[in-house]
Amino acid sequence: MPTADRAGESGLLEVDGLSVDFATDHGWANVVADVSFHVGQGEIVGLVGESGSGKTVTGLSILGLVPSPPGRLAGGSVRFEGRNLTGMSERQLRDIRGNDIAMIFQEPMTSLNPAFTVGDQISETFRRHRGGSRRAATARAVEVLELVGIPNATKRVEAYPHEFSGGMRQRVMIAMALTCEPKILIADEPTTALDVTIQAQILELLSSMRDTIGMGVLLITHDLGVVAEVCDRVVVMYAGQVVERSPVGPLFDEPRMPYTEGLLLAMPQVGAASGRLASIPGRTPEPWNMPAGCRFHPRCPYTEQKCTERPIPLLAVGDDRHSRCVRTAELELRGVR
Amino acid sequence: MLGLFLRRVLVSIPLLGVVSFLVFSLIVLVPGDAAVALAGPDPDPAQIAAVRERLGLNDPYLVQYWNWLSGVLQGDLGDSLFTSQTVWSSISARLPATLSLAGLALLLAIVLGITVGSVAGLRPGTWIDRVATVTASVGVAVPYFWVGMILVLFLAIDNTLLPAVGYIPLTSDPVSWLQHLIIPATALALAPAAVIARQTRASVATVMSEDYVRTAKAKGLSPVRVVGKHALKNAALPVVTVFGIEANRLIGGTVVIEQLFALPGIGQLAYQAVFARDFPVVQGVVLVSAVMVLMINILVDVSYGYFNPRIRQS
Numbered sequence: 004m005p006t007a008d009r010a011g012e013s014g015l016l017e018v019d020g021l022s023v024d025f026a027t028d029h030g031w032a033n034v035v036a037d038v039s040f041h042v043g044q045g046e047i048v049g050l051v052g053e054s055g056s057g058k059t060v061t062g063l064s065i066l067g068l069v070p071s072p073p074g075r076l077a078g079g080s081v082r083f084e085g086r087n088l089t090g091m092s093e094r095q096l097r098d099i100r101g102n103d104i105a106m107i108f109q110e111p112m113t114s115l116n117p118a119f120t121v122g123d124q125i126s127e128t129f130r131r132h133r134g135g136s137r138r139a140a141t142a143r144a145v146e147v148l149e150l151v152g153i154p155n156a157t158k159r160v161e162a163y164p165h166e167f168s169g170g171m172r173q174r175v176m177i178a179m180a181l182t183c184e185p186k187i188l189i190a191d192e193p194t195t196a197l198d199v200t201i202q203a204q205i206l207e208l209l210s211s212m213r214d215t216i217g218m219g220v221l222l223i224t225h226d227l228g229v230v231a232e233v234c235d236r237v238v239v240m241y242a243g244q245v246v247e248r249s250p251v252g253p254l255f256d257e258p259r260m261p262y263t264e265g266l267l268l269a270m271p272q273v274g275a276a277s278g279r280l281a282s283i284p285g286r287t288p289e290p291w292n293m294p295a296g297c298r299f300h301p302r303c304p305y306t307e308q309k310c311t312e313r314p315i316p317l318l319a320v321g322d323d324r325h326s327r328c329v330r331t332a333e334l335e336l337r338g339v340r
Numbered sequence: 005m006l007g008l009f010l011r012r013v014l015v016s017i018p019l020l021g022v023v024s025f026l027v028f029s030l031i032v033l034v035p036g037d038a039a040v041a042l043a044g045p046d047p048d049p050a051q052i053a054a055v056r057e058r059l060g061l062n063d064p065y066l067v068q069y070w071n072w073l074s075g076v077l078q079g080d081l082g083d084s085l086f087t088s089q090t091v092w093s094s095i096s097a098r099l100p101a102t103l104s105l106a107g108l109a110l111l112l113a114i115v116l117g118i119t120v121g122s123v124a125g126l127r128p129g130t131w132i133d134r135v136a137t138v139t140a141s142v143g144v145a146v147p148y149f150w151v152g153m154i155l156v157l158f159l160a161i162d163n164t165l166l167p168a169v170g171y172i173p174l175t176s177d178p179v180s181w182l183q184h185l186i187i188p189a190t191a192l193a194l195a196p197a198a199v200i201a202r203q204t205r206a207s208v209a210t211v212m213s214e215d216y217v218r219t220a221k222a223k224g225l226s227p228v229r230v231v232g233k234h235a236l237k238n239a240a241l242p243v244v245t246v247f248g249i250e251a252n253r254l255i256g257g258t259v260v261i262e263q264l265f266a267l268p269g270i271g272q273l274a275y276q277a278v279f280a281r282d283f284p285v286v287q288g289v290v291l292v293s294a295v296m297v298l299m300i301n302i303l304v305d306v307s308y309g310y311f312n313p314r315i316r317q318s
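Here the protein sequences line up with chains A and B, keeping their order.
To convert, note that position 198 of the first sequence is 201 in the numbering used here; the numbers rise steadily by one, no gaps.
To convert, note that position 139 of the second sequence is 143 in the numbering used here; the numbers rise steadily by one, no gaps.
Chain A on its own, in the form it takes in the complex (with noise of 0.2 Å):
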């Protein structure tokens, strides 16, 4: 039941009202809960929540890679140039997959084979979707190798991943990624694995390959300051919905939902005045056990009767910006600049 907030004509990829359910004890738990939004060429757009807030299943949906069972599409849509992945056999998709939209995961340490070398498996990629020699296959993992700056590349096709630091795991990950210059990068929390400084280098790697290649990117991560850093727009999500859309300088001055502040006041700041880190009280609901009324009213400071009373819908307010709060209009949320 896809519903009136359309994601937006302009995306090179549109999910529109996307629900995957998980078979759990309990039953059938809805882990994304009609979730929209879009990615249009040469855009970074944020896609963060806590752990557990459904982003990860929601990234790996729209490849359609959510293990079945225990997942299953329980609703809605994803189109990939106009075309509906959703509707596509496994066969179509696999075509798409790692040639037109590309993903890289959160641990570098493990998403490589460890028992192949990396040109091995970068021009893989390569072979299966653009045929050719292995000689040429194997030119490209160089050229990519390059691309993303890992050092004598020439030489370091023929290494395995153990050989790699994280940081040029995951720089091999990207490369492995980008060797058939996909037109949509799913990014899973590519730098939480990495320290702080690793960590920036490849946001930045990030940034210009979007930057060379074109390609829109959504990136998947917990971190605010990493969506500060490079995304143009921020969609958030809480329990499986998402609870704001918004362009990124709108949002970090002025949220328009309580717990997109709740989120910002958990950043550090440097040179912040005050020195305690301010938490958000309680923990995320399990999806079997959804509070009725807004998913948030039992964590949130300001909740009133009605934020219980039924399901609150995403609500536009203003440009381009969305928000699942019944009392946004009537609240004056604190930013971060």
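These aren't lab readings, by the way, just hints derived from the structure by calculation.
Careful, some of the hints might be misleading.
[Stated by the list, open to error] Stretch-level coverage of chain A by chain B, calculated; a stretch enters the list once three of its residues show a Cβ under 8 Å from a Cβ in chain B:
id, segment
1, 101 to 108
2, 128 to 136
[Stated by the list, open to error] Here are the in silico distance ranges between beta carbons for each label pair:
id, chain 1, residue 1, chain 2, residue 2, range
3, A, 311, B, 227, 43 to 51 Å
4, B, 245, A, 31, 39 to 47 Å
5, B, 138, A, 73, 23 to 31 Å
All C-beta atoms in this analysis are idealised placements derived from N, C-alpha and C, irrespective of residue type, glycine included.
Given the coordinates of chain A, work out where chain B should sit on it, guided by the hints.
Positioned in the frame of chain A, the structure of chain B alone reads:
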């Protein structure tokens, strides 16, 4: 890879020395005296002493060992005490039957075990998985000679599809060779196949939830490639380990199976030699079997290097 292989061979040499000493010492521990048996019916002590002297049984123990070992190192395993043949010619005449049986059984165990294990491991928790797991548990539990007899009963006696006993050399008639070996090899292969299947199932099920398998899927690879290339190579290490253990056990199993199916292999030779107290033959057979086991272990160790590059490079 070659370096790893050579290192493993070098390490095996002292091991082989220890094995040869144990093989030789076994004879001292075994009850029965070949000299008594050889001296003819109702021998007097002088005759026995003469035989002892001729066989060198009066020499100090280490001298006996040294004499035997220096012969072995020159390819001379000695002569049978009862037949006029050299030990090596008896063994080499019987090696093809044993190698055929063991080779075919190992091949069957691998193909069957990995197929069933992969099918089950790719669908953990489904009825296919349960059927495979239960079958494998039963397969581990039943004794192979019993399986052999049941197979003979059904395939050779009730229905005359296959010959019950005997051996035809591969070189004289390959089809007949295979027909004669199917039942014994299957009997021998079933338990190892079951163990390999269980290990493969566990290993594949674990590997399929690894991040790099998800990466392989996200690259657009077909399921055949995801499983056949990315999953199986990683799942192989523990499987290879149990394969090594099972292969060694299977070589032991050939003794009984060769007896049961009248296969002229070295297991049968060992059986006869033990009861005849034909010590040089027993020593030869045990030594040759030990070399086979060592070679399997070397192959297993070297294959670790193939499956895991970290082992290769360390």
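Against the structure, the hints come out as follows:
no.	hint	result
1	101 to 108	holds (count 5)
2	128 to 136	holds (count 3)
3	311/A - 227/B: 43 to 51 Å	holds (47 Å)
4	245/B - 31/A: 39 to 47 Å	holds (41 Å)
5	138/B - 73/A: 23 to 31 Å	holds (24 Å)
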